[in-house]
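Protein chains: 2
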Amino acid sequence: MAQHSNRQWILKKRPVGDIADDDLVIETTPIPTAGDGEVVLRTHYLSLDPTNRIWMSDMVQYMPPVALNTAMRGAVMGEVVESRSPAYQIGDQVMGLATWSDYCCVPAANLQLCPQLPGIPVKEVFGIYTIVGPTAYFGVVDIGQPKVGETLVVSGAAGAVGALVGQIAKTMGCRVVGIAGGKDKCKMIVDELGFDAAIDYKAQDVDAQLRTLCPGGVDIYFDNVGGDILDAVLGQMNLFGRVIVCGLISGYNADGRVPGPKNYGNILMKRLKVQGFIVLDYIPRYAEAYRALTQWHSQGKLKWNLHEVEGLENAVQAVRMLYTGGNHGKLMVKVA
Amino acid sequence: MAQHSNRQWILKKRPVGDIADDDLVIETTPIPTAGDGEVVLRTHYLSLDPTNRIWMSDMVQYMPPVALNTAMRGAVMGEVVESRSPAYQIGDQVMGLATWSDYCCVPAANLQLCPQLPGIPVKEVFGIYTIVGPTAYFGVVDIGQPKVGETLVVSGAAGAVGALVGQIAKTMGCRVVGIAGGKDKCKMIVDELGFDAAIDYKAQDVDAQLRTLCPGGVDIYFDNVGGDILDAVLGQMNLFGRVIVCGLISGYNADGRVPGPKNYGNILMKRLKVQGFIVLDYIPRYAEAYRALTQWHSQGKLKWNLHEVEGLENAVQAVRMLYTGGNHGKLMVKVA
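So the sequence lines, in the order shown, correspond to chains A and W.
Quick note on our numbering: the first sequence kicks off at 1 and runs consecutively.
Quick note on our numbering: the second sequence kicks off at 1 and runs consecutively.
Derived from the structure by calculation, the hints contain no laboratory data.
Treat the hints with care, as some may be off.
One copy or any two copies: either way a pair holds, since identical chains are not told apart in the list.
Cross-link-like lysine-lysine pairs, in silico, DSS-like; alpha carbons within 27 Å at most [unchecked claim]:
id : residue 1 : residue 2
1  : Lys13     : Lys262
2  : Lys334    : Lys303
3  : Lys147    : Lys12
4  : Lys273    : Lys303
5  : Lys202    : Lys334
6  : Lys303    : Lys147
7  : Lys170    : Lys123
8  : Lys303    : Lys12
9  : Lys123    : Lys334
10 : Lys202    : Lys170
11 : Lys187    : Lys12
12 : Lys262    : Lys202
13 : Lys187    : Lys301
14 : Lys183    : Lys301
Source: prediction; values computed, not measured.
With the rest of the complex left out, here is chain A (with noise of 0.2 Å):
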């Protein structure tokens, strides 16, 4: 499937609310050429996640902002076509941020040699040990600092990352209760992954059924979406409870700033510990995560879906199911 010029996705437009179609446009260029230290890479897939959103806006963030007419960000597997680095040939298998694009022309420094895990095929290792997994496991296990019997509820339950959550907080010891739209996924997380309890907070009033489902309050709370459910959640928060401030996705698409959680009170008086997190800070400690959802996943108590979707040309209609929740599981493009 070689071909001989390079598509890229350039942001035009910073959104305003939902991503608009001429907000990012396709744009055919020459298959780029590798600088001293540089590698291009052939695109295999893109990795889809809620941050792309916030990299196309100029809000305040954890990096710059993609700049304006130049190619979208975003996270990377392909396979080395050209290398002017002695640290990757030609064949590697190679993962990292770089562009939408069917091509990337990438520093070297940026990129990872794709980890062999064994038993696991090398798009799950790119789509779920990248960015999702790591997510979840430090969250719950270096944020959350669950103990056997605690109650952890988490929003956007359904999604690459709430599943996995979940999961992990059944495996040490949690009651786990999950926050996300829809029947279908709400009955999915408890029949198929294993929560206790689910709420349907596009059909049922997230505070009752918090109140319903946690008589003895909440410890733990991993945070996708912010917005109206953390308010319930905050409200609910047991003394010393914890909250992993994970996504705030419900906000990512908001026209303006928007309002802070009104339950902020409850921090003081129930001596709450609520802590911002940003996978790339725990690259160090990567190979924890792997090692244990390695484990977890060949014991069967850690299931993950992937989602595809085919061809670079549907990244961005794509990116928007992140929002309207869409996916079910983790969601890539596969580009070659």
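For this one, chain A is given, so just place chain W on it according to the hints.
Relative to the frame of chain A, chain W by itself:
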């Protein structure tokens, strides 16, 4: 000054907004007598603290609110005049949570002997070492975890806790900026207490002043106030910053729930740790705070000031000062 009747401040109504004159009234009753395991003390001093206003309300809080038509709760120091507990003898100087009364009848388990600290008068032991000193100490040391050269900002900086916070942080090698109301207080914390800089929130743009005075950002924020000042500081926090949620005084007098911080999203983007605490959780570790405070005080690194109001009948008038900024130093009422 012995008297033959006992005046008590009774909570008649829950204040809405500022404390009204008829929310608490003085009632006169006979001097109580001790039941089994109880002690009667003659009150010498009340400690007035912002948390008193919380206890008057029925907001979600860290201990039960004061019941209507009962005596107002407060931290009290006094002398034992009757004891039916082997733990205390007549004449002992004791302190603990009791009521705003001339005489308090208290279970012995709720009291402790006033610690004897070399060179510290007993009313300072009560005023500084019971609540505000350990609050400042554990907040800065345990939650703030300051490193030499970091920048700490404290709100309510001229208040009893804030003044100690800044001095402790200076002693630990931080650059310290205090936020206080009025030129005199700002001058005092810089000239007398050694803060590096001050921001007068009543006269200056806090956001702009923070940018000017903390060009390298804020590593630690010790929050006593919440509200708009919290939002301004959240906007200037550095990566991995710590926010110590000690008080949210701007909201205690509010009529209804106050909005949450608009900059809540920075908790994620800057990977902040926002942690609430109540000093009562640290009582098992008080000896550590006592040692540090006493040593720093003896070295001249830690100054404090008591603001004494004369007469139990002035307690309500006095507690309002905490909300108008009328007090200069740790606020206490001298009862007898």
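Hint numbers contradicted by this structure: Per hint list: 3, 4, 5, 8 and 11 violated.
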